[in-house]
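Protein sequences appear in the order of chains A and B.
Residue numbers for the first sequence follow my numbering, so the first one is 1 and each next one is one higher.
Residue numbers for the second sequence follow my numbering, so the first one is 202 and each next one is one higher.
Some hints here could point you the wrong way.
As the list claims (entries may be wrong) - In silico contact screen, one side only, chain A against chain B (beta carbon under 7 Å); selected entries:
(1) A52
(2) I133
(3) G156
Stated by the list, open to error - Across the chosen pairs, the derived CB separations fall in these ranges:
(4) B:R409 x A:V49: 37 to 47 Å
(5) B:R409 x A:A103: 39 to 49 Å
(6) B:T380 x A:V53: 24 to 34 Å
(7) B:A330 x A:T98: 41 to 51 Å
(8) A:E40 x B:S335: 13 to 23 Å
(9) A:E40 x B:V408: 42 to 52 Å
None of these hints come from the bench; they were simulated from the model.
Note that the structure is a prediction, hence the values are computed from the model and not measured.
Ideal Cβ positions, reconstructed from N, Cα and C, are used throughout, including at glycine.
Each chain, written out:
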Amino acid sequence: MLVDLFRDELFFPFSDYATDIQHFIGAQRYWLALLRAVPEFVEADWHPVLRAVDVAADQASGLMLRLQDTTNSRLLSLHTNSFEGCTAELLADNPPMTPKQIAEAKEKFEWKPDKAAISGITREHAIREAGMIYVAFTAQAEPAEIYVPDAGHPEGGYLLPARRLVLLSEVSRDCEPQAQEALSRFLKEPARRLDRSAPQT
Amino acid sequence: MAGPAAAAPVAGVYVAGAALLAGAAYFMTPAGQRASQSLGEAMVDGGSQAVHNIRNLFAADTDTRSPAVPVTAEGTRTEERRCDGPHRGRLQVQGFRPPHDVRPIELSWPWARTCTPPLKPEGLTSLSADLLLSTRLINYASAGHRGPAFSKMSQHIQSAPPAGFLAGHRMGWGIHSATGSAVPNLRAGPNAPRVDLEVHAGRAFGVR
């Protein structure tokens, strides 16, 4: 198993990826190695999605790789996962609310925030909530769109209908086979090679 | 006997002087002033037309080539002239969770702008006036169930940097079935009731 090759790494299993950049980088190396180990993965087809990288946001969500294959209309989002990461994400996502935000939540969205939401959740609260929602592995294939810049297009580019795999997984012996299976199945799906002469707007 | 021969040039001077005086007197009359004004306007108009023609010559030259990125020339203020588009993306309300939802919900507020991105007030209005009301029209309970996710998205738009969220930005909150609270999409589970933002190109929800 690939995970055994990383076992001797200093920060393995990289569970503090959300708060420690060394863990984040270590996890990124693991996921790249795992993706390259999937036989159906043809590296030449895939390119990173061009974007303004927000490292803090990527760390919080555990985003390892976001790749796109415009030839076959596919997107891939790989997220590393851990209970500690989930707790840190919930903590960062629930800061204290301002009086204006509380008023807006009640009046505009008809949501009455509880005391924890108003004062911002504590670490203990985040651990408790993570205990209720944490799942070590999830994978979901969903419809998506790829934006293709095209100088000759009247709108400067067009949206290409695509399939996206969103994979969230721990670095562990239990999750590695599931992640490999999900990637393999997604990459084996029949490609939707679109006619480029008739781009969809 | 040089009298008549010498008198002719002198008479000419007198005639010319009289004509000048008559001309000056004419320009002092209202009719004369109108004629003078028209002449001045004609000269100014002619000059501006000449400048306009030069500008048109340049315009005709550039019109023959299609620009790589659409540009605008309207306005004279810097912010009106700038064009950093295209700007594309969408806000979405999705998911299905009975009994809160009577049917799957898939609402979208997309934008595709050549030059000017949607700014913060527009994003907030589209969220609360467009998407929230559309969700309520489908089913009031669906909107109520997604209340925390709508609120999180509103806070997120309000927290956008001055330049706005940039291309590739994705954020969303879904309602977790166990807690009923809004958690980041990845944690909410498949098909959870959720509110998403995706910026495909350009910028969105900045202040300018």
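Verification of the supplied hints:
no., hint, result
1, A52, "holds (4 Å)"
2, I133, "holds (5 Å)"
3, G156, "holds (4 Å)"
4, B:R409 x A:V49: 37 to 47 Å, "violated (26 Å)"
5, B:R409 x A:A103: 39 to 49 Å, "violated (27 Å)"
6, B:T380 x A:V53: 24 to 34 Å, "holds (30 Å)"
7, B:A330 x A:T98: 41 to 51 Å, "violated (22 Å)"
8, A:E40 x B:S335: 13 to 23 Å, "violated (40 Å)"
9, A:E40 x B:V408: 42 to 52 Å, "holds (45 Å)"
Hint violations for this structure: numbers 4, 5, 7 and 8, all remaining hints satisfied.
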